[in-house]
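Protein chains in written order, with the numbering used here: chain A, 1 to 426; chain B, 1 to 281.
Any given hint might turn out to be false.
Said to hold, decoys possible - Derived lysine-lysine pairs resembling DSS-like cross-links, with alpha carbons at most 27 Å apart:
(1) A:421 to B:108
(2) A:422 to B:22
(3) B:22 to A:16
(4) A:80 to B:143
(5) A:421 to B:67
(6) A:80 to A:237
(7) A:80 to B:215
(8) A:389 to A:421
Everything labelled a hint here was simulated from the structure, so no lab data went into it. In this text the structure is predicted, and so the values were computed from the model without any measurement.
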Amino acid sequence: MIRAIAIHTLRESLRKKTLHVLIGLSIFIMAVLPAVPTTDEPDARVKMILVVFFQVVVLLCITGVILLSATSLPHEIEDKTIYGILSKPVSRIRIVVGKIIGFTLLSAILLVVLGLFNLVSLQYRASDLPEEYRGIVKARSEFVASHFSIQGTVHHARQGIGWIAGGRSGVARWQFSHIKKPPEHASGFEVEGNLKIESSRGFAGTIPLMVRVENEISGRGKTEVISANVDKPFILKIDPAIVQENTTLNITAFPVLATDYLGVTPMDVKVFLIQKGFLSNYGKAVLLTFLKFVLIVIIAVMGSTYLSAPVSIVAAFVVFLCGHILDFIKDFSLLMQDHHAHEHAIPGVLKTPNMFLIYMDYLIKKPLEWICFIFPDFKRFDSLKFLLKGINIPFETVGVSFGYTAVYAGVCLFLSAMILKKREFF
Amino acid sequence: MDSYAIKTEGLTKVYKDFWHRKSTSALTNLNLTIGRGEVFGLLGPNGSGKTTTIKLLLGLLFPTSGKSWVLGAPSGDLTVKRKIGFLPEESYLYKFLTAEEILDFYAKLFDIEKKERKRRIDALIRAVRLDHVRKRPLNQYSKGMLRRIGLAQALINDPELVILDEPTSGLDPIGSREMKDLILEFKRQKKTVVLCSHLLADVQDVCDRIAIFNKGVLQVTGTVKDLLSQNDAIEFVVKNLSQDDIQAVKAFVESRKGNIVSIDHPSSTLEDLFVSIIEHR
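So that you can see chain A by itself, here it is in the shape it has in the complex:
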């Protein structure tokens, strides 16, 4: 029964011109991407393909899904086709669940089809990337330095960057104290450095750099001289023999030549555990995006159980927008709450409580707090930040997002059932 309504909803949606236009626009945008000029960075094109898909194409598809899911039930009521269903042995909540599943299926189809198109394009573009830029098409777990120090002399410091001169007068040292034994499916560790370099000699953009990776507990290590480029990160594979159990890794670096200089900060060097392939990571990113679709579908359908089609569309878009700026809303409400939080905040200017402040409290601050509490946080489904850095999306993130969506869906379904139970169809 629910299946019949779901398939019917999907079939009806697939015939809507609104969807055709938005899908056509999405494909057009992805198709013209190769012709769009980019910066000179070798991975700029790949980044652009990712950004356009996960922001522009997904936004277009979500727009389409909102337009359809927010209007489906109101149109059924307006056209009175709902009589045909309600006069059959179908409970009202089953209609809602059927609609939600139908639009969820639609979202899945859109994401799979357009996602595959995007993936093929991405793999094609990434195939000729130089090794130091291939991090974007990997799935890695990131480790940041737990301790950073400069041993020896700091030549000079500028804008938070410590500069050391070559020839062992100063050595930068990053310590990673929480490196775990790599799991069986992982293919090892690598070090990625984004260091600033300068030189007082005739300088062609590269300097020789001495880098040592050492296991602090076992004492095993490896020293390499690499050619550091002024505008390229360096990638250094770590010998699997160095990290075989939970340990602390020390990474030290200094310019080989006394005429060269190295600018360092604690975040310049990171260690990555290379997890499963990029495909699995991309799949997780698409799954997170799918959960975002599911959530907005549930919200739109819930709204449509009570609201008319246009109001329902506006409400769904407002929730979607607010769900992306909850941090801002929270900050704003906190700013209003604490009189001394910010010198330019209105309550800060008006030192003594008065009617204006009380009204502000009830008209703006409280509603904002409620919005933060009630509205879904769509930013938690943001997978682009992981993909752009080639960071493996942790299963915990996917699991928590899944649970969040399930809880939210449960609450929305309960409310929909309550609303629809009381609703009359004239």
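With chain A's structure known, arrange chain B on it following the hints.
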């Protein structure tokens, strides 16, 4: 098993405005019982409460006060809806689907298994004479064709109780006749039929009992024969009588203090004439 198909007790519906103030009294204190196997007509002008009654029985609306039961269960009960077929006053159908697809969709809502679904769909499409357009989307159907497919969807579950709201609306005379024949067939099959119409001739032709509504109030109820018969008058229909014989009968009636209201040739209905012309050519 209860002997009644439909029963209402003090059923009242008052529509409220946005501010929940009483605005329109659509139905007032309806007490009605419709027996199983009966063909029952709901009559009345537009806005008299017929459709409101049907919506209350189907659970589309909730009563302001009073109660109603359908096939022994409270109105809106899902198990009872398995036994109800409903044809709304207009064909509210998904126009992008074909006849086959829409019947398949509604059949699935009754959890009818695939093989049986196919059998019923084929039979119903043939019964409503839409076999030649079964693969055509409904947005290409005429009003009469939509009415027929609407009827087919109401019968997809082989219902015990058939509720027909203005069933002949949009149908040509042939279609109207077929609809009436179908209702009589339901009667033979001991199905209960609730027929809602303002076309009095349709109701008169097929209904056992009728109820007449006005301004949301049930005015009168009873069998068609009881309500229409004039007990103080007698009608003879005689063939092969000469003018002299007619004058003799007339004189005899007057001699017995009888008051002759009219002497005329009986006429057929326009519908009968239309059907006979179309069917013979």
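Hint check:
1. Between the alpha carbons of residue 421 of chain A and residue 108 of chain B the distance comes to roughly 23 Å, so the proposed pair stays at or under 27 Å and holds.
2. Distance check on the hinted pair: residue 422 of chain A and residue 22 of chain B sit about 18 Å apart at the alpha-carbon level, within 27 Å; holds.
3. Of the pairs offered as hints, the one joining residue 22 of chain B and residue 16 of chain A is violated, with about 40 Å between alpha carbons and a cut-off of 27 Å exceeded.
4. Simply put, residue 80 of chain A and residue 143 of chain B have alpha-carbon atoms about 16 Å apart, close enough for the 27 Å limit, and the pair holds.
5. Restraint check: the Cα-Cα separation between residue 421 of chain A and residue 67 of chain B comes to about 18 Å, which is no more than 27 Å; the hinted pair holds.
6. At roughly 66 Å between alpha-carbon atoms, residue 80 of chain A and residue 237 of chain A are farther apart than 27 Å, so this suggested pair is violated.
7. Proximity of residue 80 of chain A to residue 215 of chain B is assessed by CA-CA distance (about 24 Å); at most 27 Å being required, the pair is judged to hold.
8. Note on residue 389 of chain A and residue 421 of chain A: the hinted pairing is violated, with a Cα-Cα distance of about 48 Å set against a maximum of 27 Å.
Hints 3, 6, 8 from the list above are not met by this structure, while the remaining hints are.
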